[in-house]
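**Student:** Each chain, letter by letter, is given below.
2 protein chains.
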Amino acid sequence: MSQQLHSPPIAYRTVGVLGGMGALATVDFLNKLVLATPAACDQEHIPLLVRFCPEVPDRADALLGCGPSPVSALVAAAVAIEQDGAQCLVIPCNTAHAWYDDIVKSITIPILHIVDAALIAARRDDSFETVGLLATTGTICSGIYQQRGGRDVCWITSSDDEQEKWVMPGIRAVKANRLDEAARLLQMAANALVHRGAKIIIMGCTEIPMAMNNCTVDVPLVDSTGALAQACVAWASAKAVSEEASVV
Amino acid sequence: MSQQLHSPPIAYRTVGVLGGMGALATVDFLNKLVLATPAACDQEHIPLLVRFCPEVPDRADALLGCGPSPVSALVAAAVAIEQDGAQCLVIPCNTAHAWYDDIVKSITIPILHIVDAALIAARRDDSFETVGLLATTGTICSGIYQQRGGRDVCWITSSDDEQEKWVMPGIRAVKANRLDEAARLLQMAANALVHRGAKIIIMGCTEIPMAMNNCTVDVPLVDSTGALAQACVAWASAKAVSEEASVV
Numbered sequence: 001m002s003q004q005l006h007s008p009p010i011a012y013r014t015v016g017v018l019g020g021m022g023a024l025a026t027v028d029f030l031n032k033l034v035l036a037t038p039a040a041c042d043q044e045h046i047p048l049l050v051r052f053c054p055e056v057p058d059r060a061d062a063l064l065g066c067g068p069s070p071v072s073a074l075v076a077a078a079v080a081i082e083q084d085g086a087q088c089l090v091i092p093c094n095t096a097h098a099w100y101d102d103i104v105k106s107i108t109i110p111i112l113h114i115v116d117a118a119l120i121a122a123r124r125d126d127s128f129e130t131v132g133l134l135a136t137t138g139t140i141c142s143g144i145y146q147q148r149g150g151r152d153v154c155w156i157t158s159s160d161d162e163q164e165k166w167v168m169p170g171i172r173a174v175k176a177n178r179l180d181e182a183a184r185l186l187q188m189a190a191n192a193l194v195h196r197g198a199k200i201i202i203m204g205c206t207e208i209p210m211a212m213n214n215c216t217v218d219v220p221l222v223d224s225t226g227a228l229a230q231a232c233v234a235w236a237s238a239k240a241v242s243e244e245a246s247v248v
Numbered sequence: 001m002s003q004q005l006h007s008p009p010i011a012y013r014t015v016g017v018l019g020g021m022g023a024l025a026t027v028d029f030l031n032k033l034v035l036a037t038p039a040a041c042d043q044e045h046i047p048l049l050v051r052f053c054p055e056v057p058d059r060a061d062a063l064l065g066c067g068p069s070p071v072s073a074l075v076a077a078a079v080a081i082e083q084d085g086a087q088c089l090v091i092p093c094n095t096a097h098a099w100y101d102d103i104v105k106s107i108t109i110p111i112l113h114i115v116d117a118a119l120i121a122a123r124r125d126d127s128f129e130t131v132g133l134l135a136t137t138g139t140i141c142s143g144i145y146q147q148r149g150g151r152d153v154c155w156i157t158s159s160d161d162e163q164e165k166w167v168m169p170g171i172r173a174v175k176a177n178r179l180d181e182a183a184r185l186l187q188m189a190a191n192a193l194v195h196r197g198a199k200i201i202i203m204g205c206t207e208i209p210m211a212m213n214n215c216t217v218d219v220p221l222v223d224s225t226g227a228l229a230q231a232c233v234a235w236a237s238a239k240a241v242s243e244e245a246s247v248v
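Keeping their order, the protein sequence lines are chains H and B.
Numbering follows this note's numbering, with no gaps: position 220 of the first sequence is 220.
Numbering follows this note's numbering, with no gaps: position 233 of the second sequence is 233.
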């Protein structure tokens with residue numbers, strides 16, 4: 001048998017999106033996902049189940065001991081998205097991945113890890129050597145990039161002072177839709193990382209790429225949101241290939 | 001009792017979005033919804049349950065007798081979104097509203113009608129008089145704008161020839177992510193409506209505003225996507241007001 005019966009035009013798998021962290025960052029992720037999908041009409045896009053969950057407490061605050069844990073809200077949303085019919089889960093928020101282990105053990109579908117996606121994208125670049133990490137203080141302290149990056153990676157992060165005066169205010173400005181202010185702050189933080197030796201910078205917070213869209217920095221910038229979108233398209237497409245193979 | 005217990009910071013109601021018609025138009029809708037929400041942090045945004053449904057057959061083709069009916073797929077998705085927990089439904093696709101009656105009777109939550117939202121926005125403009133309708137041939141033939149607009153509205157629509165050479169190719173170009181080509185085609189269609197007397201034009205297809213973002217037309221353009229986003233924010237906020245009133 002060389003063809004499938006009753007199949008849609010393209011047999012993409014259904015992707016679940018645990019979103020709203022922040023809301024604009026989820027929209028940016030969806031935009032990059034749709035634009036990365038090789039579709040000529042509505043019917044050739046990937047089926048998505050998306051939840052914007054404002055009930056999830058602030059992740060960065062929780063990691064610094066300044067707010068309630070988001071874990072129960074993250075797990076509840078992930079379980080609901082699996083029950084809705086998603087076949088994998090993505091979370092377009094780097095900091096939320098500090099609770100990856102708790103979320104992944106509460107569901108049976110896989111999670112495409114944003115840090116792995118960003119690291120794969122970064123390693124493709126010839127400048128991958130000394131890596132600057134632009135991220136929330138919570139993400140940096142949680143060590144999720146450092147742990148998944150492997151021992152060969154030399155990391156440079158912003159100083160406590162830079163986090164406090166540039167990075168975190170820049171991220172909060174994006175969440176409040178003040179993109180110009182955010183760009184100015186984050187550009188200064190990126191320049192400081194380059195000054196200290198970063199040859200490539202991972203924008204390891206999904207708010208940051210929106211603000212730095214038009215910024216000029218002397219080293220390549222890796223977009224964790226865009227990398228996750230690319231990983232989604234590849235994962236959703238893989239089903240078509242494997243199903244075709246299985247019915248031959 | 002003057003305050004609620006265990007309430008989130010802002011008691012927005014949950015909005016369900018039946019999306020993917022097309023995919024980029026749904027992203028545009030979500031972007032406008034998020035930007036229209038008066039939020040200073042993630043927790044102040046509206047909870048959303050969004051489905052991108054590529055399984056829905058082409059609406060415009062169906063209305064012209066050139067393809068299968070989308071009604072069963074639309075109803076199935078609407079029912080699923082209600083079951084997920086949405087308290088109202090929006091569909092950022094004008095043409096799909098030709099099946100509004102079938103969808104609304106299959107669920108118990110209200111649908112915020114995109115045509116009503118667009119007409120409210122258009123009537124706010126002093127130029128609301130002779131109204132040009134830029135939409136799919138299916139939307140025009142279905143009469144959804146003409147029926148909901150009332151007897152006082154004088155409508156001008158594109159000719160069959162204009163629909164065939166400018167409007168429908170323009171809409172299909174957006175669905176295939178070719179925005180510059182779409183802008184050129186749709187601008188010609190809009191100019192023809194103005195030439196025939198339109199004093200205001202409703203962009204009555206959610207693909208059109210994305211392409212016409214930077215177009216210059218001699219009359220005001222009403223964005224049905226943006227109007228639906230505004231209606232969503234107002235509807236989601238209304239709960240906070242009514243709940244506060246009910247617990248006094």
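Calculated from the structure, these hints are not laboratory results.
One should not assume that every hint holds.
Listed next, with one range per pair, are the computed distances between beta-carbon atoms [claimed, not checked]:
hint : chain 1 : residue 1 : chain 2 : residue 2 : range
1    : H       : Gly197    : B       : Ala76     : 52 to 58 Å
2    : H       : Leu64     : B       : Cys215    : 46 to 52 Å
3    : B       : Ala11     : H       : Gly65     : 56 to 62 Å
From the derived model, a few chain H residues whose C-beta atoms are all more than 10 Å from chain B [claimed, not checked]:
hint : residue
4    : Tyr12
5    : Asn31
6    : Val56
7    : Asp102
8    : Ser127
9    : Gln187
Every value quoted in this text rests on a predicted model; they were computed, and no experiment measured them.
We put the beta carbon where it would ideally sit given N, CA and C, even for glycine.
**Student:** Hint by hint, say whether it matches the structure.
**Tutor:** Results of checking the hints against the structure:
Distance hint check: the CB atoms of Gly197/H and Ala76/B are about 55 Å apart, consistent with the given range 52 to 58 Å. Checked against the given bound of 46 to 52 Å, the beta carbons of Leu64/H and Cys215/B, roughly 47 Å apart, stay inside it. Taking 56 to 62 Å as the suggested C-beta distance range, the pair Ala11/B and Gly65/H does not conform, at roughly 28 Å. At roughly 8 Å from the closest C-beta of chain B, the C-beta of Tyr12/H falls inside 10 Å, breaking its exclusion from the interface.
For Asn31/H, the condition that its CB be more than 10 Å from all CB atoms of chain B is violated, with the nearest at approximately 5 Å. Taking the minimum C-beta to C-beta distance to chain B, about 7 Å, the non-interface status of Val56/H is violated against the 10 Å cut. Interface exclusion of Asp102/H from chain B stands, the closest Cβ pair being 19 Å apart, more than 10 Å. No Cβ of chain B approaches the Cβ of Ser127/H within 10 Å, the least distance being about 29 Å, so the stated non-interface status holds.
Even its closest Cβ contact with chain B, about 23 Å, leaves Gln187/H beyond 10 Å, as expected for a residue assigned away from the interface.
Of the hints listed earlier, those the structure fails to meet are numbers 3, 4, 5 and 6, in rising order.
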